[in-house]
Amino acid sequence: MSRIDRLADRATEVGTRAYDWTDQRFDLDSGREFLGKAFPAEDSFLLGEIALFCFLILILTGLFLGMFFEPSTSDVEYEGSVDRYQGEEMPEAFVSVLHITYDIPFGMFIRRMHHWAAHLFVASIGLHMLRVFFTGAYRNPREPNWVVGTGLAGLAMGAAYTGYALPFDEFAATATSIGYNLAISVPVVGDVLGKAFFGGEFPSSATIPRLYFLHVLVIPVAIAGLLGVHMAILLRQKHTEAPRDDDVPAPGEATVVESETAAESNVSGDTGDPVVGDGGVTAVGTDDHRGRSTVDRDDDSVVVGLPAFPNQAAVSAVVFFLTLATLSTLAGFLPVHNIAEYGPNNPAGTPELIMPDWFLMWVYGFLKLLPSWTSFTVPVVGIHVSAEFVGGVLMPALVFGAIAVWPFVDYHDESTHFTANPLARPWQTAVGVAAIQFVMIASIAGMNNLLGRAVGVGTEVVNPILTVALLVVPVGSGLVVYRVLRGSAADTDGDDGDTDAVADGGTPAADDRAPEVSDDG
Amino acid sequence: MRRETIVVVCLLVAVLLPMWFVALHGEPPSEEIEIDQSVTEMRPLQEIVDTPNKLAPSQVGVIVWVALFGLVALLTAVHRFMNDAVRPDDGEQTAGDAESPVADGGQVGLPWLWTDDRWVVEYHDASDAMEGILAMGGLTVLAIVFAALFTGEYLTLARTQYFGVYATGMFLSLALLTVAYYAWFMPHVEVAERRGH
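The listed protein sequences correspond, in order, to chains A and B. Residue numbering for the first sequence follows the UniProt record's numbering, starting at 1 and increasing by one per position. Residue numbering for the second sequence follows the UniProt record's numbering, starting at 1 and increasing by one per position.
There may be inaccurate statements among the hints.
Distance ranges between label pairs, derived from CB positions [as the list claims (entries may be wrong)]:
1. Val39(B) / Arg10(A): 33 to 41 angstroms
2. Asn346(A) / Pro28(B): 30 to 38 angstroms
3. Arg25(A) / Ala73(B): 16 to 24 angstroms
4. Gly138(B) / Ser204(A): 33 to 41 angstroms
5. Val385(A) / Leu74(B): 43 to 51 angstroms
6. Leu394(A) / Leu74(B): 34 to 42 angstroms
7. Ser74(A) / Thr5(B): 32 to 40 angstroms
8. Pro347(A) / Val66(B): 34 to 42 angstroms
Some residues of chain A that are not near chain B, with every Cβ distance over 10 angstroms (derived) [stated by the list, open to error]:
9. Ala38
10. Thr374
11. Ala387
12. Ser488
Since the hints were derived computationally from the structure, they do not count as laboratory data. A virtual CB, placed ideally from N, CA and C, is assigned to each residue, including glycine.
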């Protein structure tokens, strides 16, 4: 035995002993059950992983930024490398972010990466939810996970919002004040909310520390907790699966031991492991496993996919690296929230352009379109309900509430484990298309000043048009989608007389499922 | 593409494109930030290509969605390649084929692939082809080179755009390295698992 072989043996022995030591204390073997979990190999199922890895990157880059950030609005003299601010007294939070950006190696890159990861986090959660919605993956028994996912989407927006104000620059501080005004607009408890989340009148010396606390502790812990619940439910319920093209042959039928030697070896070994015969033939049958039948293409009591380790782990590694590559490209070449351009917060001034983050633009749109008569005072009790509350709190709450309760609107008594073809779900897909258009048009309304500038008219001209569009276009589109998909279902009905499942939004019949899904991805 | 799909996509695009058109009218160009080189030797703003100095939140929204769609498209292509590469051609072998050869005569898979409620339904051994060795070797060298450049940039001028290029190259190399390993050196295994509820 060579020296290298002896070293290898020694390393193996040490590794085995270390594993045994740990296993005795933590029962590692019980976790092996998870390692083989089946992940259906669907491309769109990876959207959730993009969101998960964005959160991980946010944590890691946030740790870097947290080492240098000062959550204080006390004025300090700037002595950094940005020429235009040298010698000025500015808020410490703003100065520390300038320091991170221009004077610390990696600083600008990591800060940009943090910002882009935050935006990609929200966007990937949104696209993930749209995938789940249109394929009906929220249906029984996955309603709880849809509700948890809705909470995650809200928290992701909250995390981004609370981080937006932290540099305390002119643009972000002004945009964040919109949130403060919405918080205090809530009847009865508005002042309490303003103090709880913003530390009192915005901006006060308590605002940045309060938002910082929410941004780096409260909300991330809440997200991590909900992510844990999300994953635990996923593990318990297992994935949905796209309709199978064919039956999946059982090992006893298609991959049974053909070599007698292998079969004998396997049975005598009685390990339950698949064994490869000497003759080079895959041998995966044992007495235990031969008893299993073929998995029918319609059998949803079984999920088929890649094992979590090693195959799905490799796929996840690719998702992780590609997500990092995307964020690196964005961070390298495109600035995001360039605070040096905006300057420190100036309570006496107002920036020329004010708008919230893009994912809150639809809320801003409600605020811009709502007429003043939506402000009123409730008789007798004298509680004032402002247009800010209706447009900025009540309507978004209704939208999020509608999303959360959707699985109970589109309720199914029977468990469903296959994803559905959106084209086979007329009214659900129609609602989805209408909802997307509603949010998009509201977002355009949030940018009504940009629209007016682009077409060369004032906002007083575009606002009525946008109001009508917000009410009419989604409804019209929904009806068109419903009519087209319903007509298609009727055609199918004429062809094979099987549209019951389609009509009620259930899983389409097996015969018309596979080709539709393969055509449309 | 089916007619119904076209209708749905057109309806969505009919609103999406105007929204993006408006959103891109964000921030006007502005002067670049001047760095006092007597204070620092870093050159974070030194550029490879000319890019905007600032972006409005609405512009950020468009960019991030384009980036997400691009990432999903790239991921889809890579994922399909990974799945196709490890499976034999249809004409040669089919899923779960009993004739799938295994080179080393060893065991298929790991103990956790087989439980009372889980079993292997498809197995194709890795090809171990020479081209895989070459691909992995080349990508390993590339990843090391980009990592070295990334580190070197930290030790010298800390230029942000260069960080971006090096980091992108490094992570792409690592992603493709994983893809190459999966495609040529990892057996393709699929399992079936009872849901149990």
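Consistency of the hints with the structure:
Between Val39(B) and Arg10(A) the Cβ separation comes to about 54 angstroms, which falls outside the hinted range of 33 to 41 angstroms. Judged by the Cβ atoms, the range 30 to 38 angstroms given for Asn346(A) and Pro28(B) is violated: they are separated by roughly 20 angstroms. At roughly 46 angstroms, the beta-carbon separation of Arg25(A) and Ala73(B) lies outside the given 16 to 24 angstroms, and the hint is violated. Taking the beta carbon of each, Gly138(B) and Ser204(A) are about 58 angstroms apart, not inside 33 to 41 angstroms as hinted.
In this structure the supplied range 43 to 51 angstroms holds for Val385(A) paired with Leu74(B), their Cβ-Cβ distance being about 48 angstroms. At roughly 41 angstroms, the beta-carbon separation of Leu394(A) and Leu74(B) lies within the given 34 to 42 angstroms, and the hint holds. At roughly 58 angstroms, the beta carbons of Ser74(A) and Thr5(B) sit outside the given window of 32 to 40 angstroms. Checked against the hint of 34 to 42 angstroms, the pair Pro347(A) and Val66(B) passes, with Cβ atoms roughly 36 angstroms apart.
The Cβ of Ala38(A) sits about 4 angstroms from the closest Cβ of chain B, inside the 10 angstroms cut-off, so the non-interface label is violated. With a least CB separation of 24 angstroms from chain B, Thr374(A) remains clear of the 10 angstroms interface cut-off, as annotated. Residue-level check passed: Ala387(A) sits 23 angstroms from the nearest beta carbon of chain B, beyond 10 angstroms. Ser488(A), annotated as away from the interface, has a beta carbon of chain B within 10 angstroms; the closest lies near 5 angstroms.
The structure is inconsistent with the numbered hints 1, 2, 3, 4, 7, 9 and 12, although it conforms to all the rest.
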